[in-house]
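**Student:** Whenever a hint applies, use it, and build me the whole structure from the sequences.
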Amino acid sequence: EPEVTQTPSHQVTQMGQEVILRCVPISNHLYFYWYRQILGQKVEFLVSFYNNEISEKSEIFDDQFSVERPDGSNFTLKIRSTKLEDSAMYFCASSQHPPGEHTEAFFGQGTRLTVV
Amino acid sequence: GQSLEQPSEVTAVEGAIVQINCTYQTSGFYGLSWYQQHDGGAPTFLSYNALDGLEETGRFSSFLSRSDSYGYLLLQELQMKDSASYFCAVVGGATNKLIFGTGTLLAVQP
Numbered sequence: 001e002p003e004v005t006q007t008p009s010h011q012v013t014q015m016g017q018e019v020i021l022r023c024v025p026i027s028n029h030l031y032f033y034w035y036r037q038i039l040g041q042k043v044e045f046l047v048s049f050y051n052n053e054i055s056e057k058s059e060i061f062d063d064q065f066s067v068e069r070p071d072g073s074n075f076t077l078k079i080r081s082t083k084l085e086d087s088a089m090y091f092c093a094s095s096q097h098p099p100g101e102h103t104e105a106f107f108g109q110g111t112r113l114t115v116v
Numbered sequence: 117g118q119s120l121e122q123p124s125e126v127t128a129v130e131g132a133i134v135q136i137n138c139t140y141q142t143s144g145f146y147g148l149s150w151y152q153q154h155d156g157g158a159p160t161f162l163s164y165n166a167l168d169g170l171e172e173t174g175r176f177s178s179f180l181s182r183s184d185s186y187g188y189l190l191l192q193e194l195q196m197k198d199s200a201s202y203f204c205a206v207v208g209g210a211t212n213k214l215i216f217g218t219g220t221l222l223a224v225q226p
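Chains as they are written, first to last, in our numbering: chain A, 1 to 116; chain B, 117 to 226.
Hints in this document: simulated from the structure, not taken from any laboratory.
Glycine is no exception: its CB is placed at the ideal position from the N, C-alpha and C atoms.
Accuracy of the hints is not assured; some may be wrong.
In silico SDA-like cross-links for lysine to any residue, where the CA-CA straight-line distance does not exceed 20 angstroms [what the hints assert, rightly or not]: (1) A:K42 with B:Q118; (2) A:K78 with A:T7; (3) A:K57 with B:T142.
Some, not all, of what chain B presents toward chain A, calculated at C-beta under 10 angstroms [said to hold, decoys possible]: (4) V126; (5) T142; (6) Y146; (7) Y151; (8) G156; (9) P159; (10) T160; (11) F161; (12) F179; (13) A200; (14) A210; (15) T211; (16) K213; (17) F216.
**Tutor:** Shown next, in the form of structure tokens:
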């Protein structure tokens, strides 16, 4: 069964450093997303990506964050100058169907980011 | 803004039926989805309601009432493996983004 894969599963970084979280969405999907979940809290939408550009972003997704699809398979989230409050589980997701149609999003297993 | 409220915890016994409610405030959306999450792992899709009414998928059913801004997930014949967090989420925007509720931790006891 196709799945979304994320690397690394864990990432520890020092405050102020840059990190890149990597995702390989399901191959025939068109819509890609990043979500985050601070420990014990709800899952929060960060950004969606379609047709090689950002489609929507939340107020969390400020200039510190960027996304890229550098080739036909990878989808990355870059966090510049990390802060302690960026510590969270980051989930990548993808979906196939256009807005309004049946819409199951497939999530990866997540990258647990710890900023120290 | 958008907000979705759920009970924080629910406890039930094996074989029982449990209902997890979700009330929302949102300006517009395509439908309401439910996701299951075990121990902070990947959220997995359970159901989607685009229209008012009940959708049934095996032991799980989901209900939506747009006029009442309310939905619920019904789990029947509970099993120990159903112990998990359950999130409702409105689906909307240009890319079907998910805005998640606060989540309900379900504990199934023997």
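**Student:** All the hints need checking, so say for each whether the structure fits it.
**Tutor:** Now for the hints, and whether the structure bears them out:
1. Annotation: proposed proximity of A:K42 to B:Q118 holds, straight-line Cα distance about 14 angstroms (limit 20 angstroms).
2. For the suggested pair A:K78 and A:T7, the alpha carbons sit about 13 angstroms apart, so the restraint of at most 20 angstroms is met.
3. Between the alpha carbons of A:K57 and B:T142 the distance comes to roughly 17 angstroms, so the proposed pair stays at or under 20 angstroms and holds.
4. For the restraint placing B:V126 at the interface with chain A, the shortest Cβ-Cβ distance is roughly 16 angstroms, beyond the 10 angstroms limit, so the hint is violated.
5. Nearest Cβ of chain A to the Cβ of B:T142: about 13 angstroms, over the 10 angstroms cut. The hint is violated.
6. Nearest Cβ of chain A to the Cβ of B:Y146: about 5 angstroms, under the 10 angstroms cut. The hint holds.
7. For B:Y151, the interface hint holds, the least distance from its beta-carbon to any beta-carbon of chain A being 8 angstroms, beneath 10 angstroms.
8. The beta carbon of B:G156 comes within 6 angstroms of a beta carbon in chain A, closer than 10 angstroms, and the hint placing it at the interface holds.
9. Hint on B:P159 holds. Least Cβ distance to chain A is approximately 5 angstroms, under the 10 angstroms limit.
10. Among the interface hints, the one on B:T160 holds; its C-beta lies about 7 angstroms from the nearest C-beta in chain A, closer than the 10 angstroms criterion.
11. Nearest Cβ of chain A to the Cβ of B:F161: about 4 angstroms, under the 10 angstroms cut. The hint holds.
12. Restraint check, B:F179 versus chain A: the minimum CB separation of about 17 angstroms is more than 10 angstroms; hint violated.
13. Contact between B:A200 and chain A, as hinted, is not supported at the beta carbon level, the nearest pair being about 13 angstroms apart and thus beyond 10 angstroms.
14. Hint status for B:A210: holds, given a least beta-carbon distance of 5 angstroms to chain A, under 10 angstroms.
15. At its closest, the beta carbon of B:T211 sits 4 angstroms from a beta carbon of chain A; the interface hint therefore holds under the 10 angstroms criterion.
16. Given the 10 angstroms rule on beta carbons, the hint for B:K213 holds: about 5 angstroms separates it from the nearest Cβ of chain A.
17. This hint holds: B:F216 has a C-beta 4 angstroms from the nearest C-beta of chain A, less than the 10 angstroms allowed.
When held up to the earlier numbered hints, the structure conflicts with 4, 5, 12, 13 and fits the remainder.
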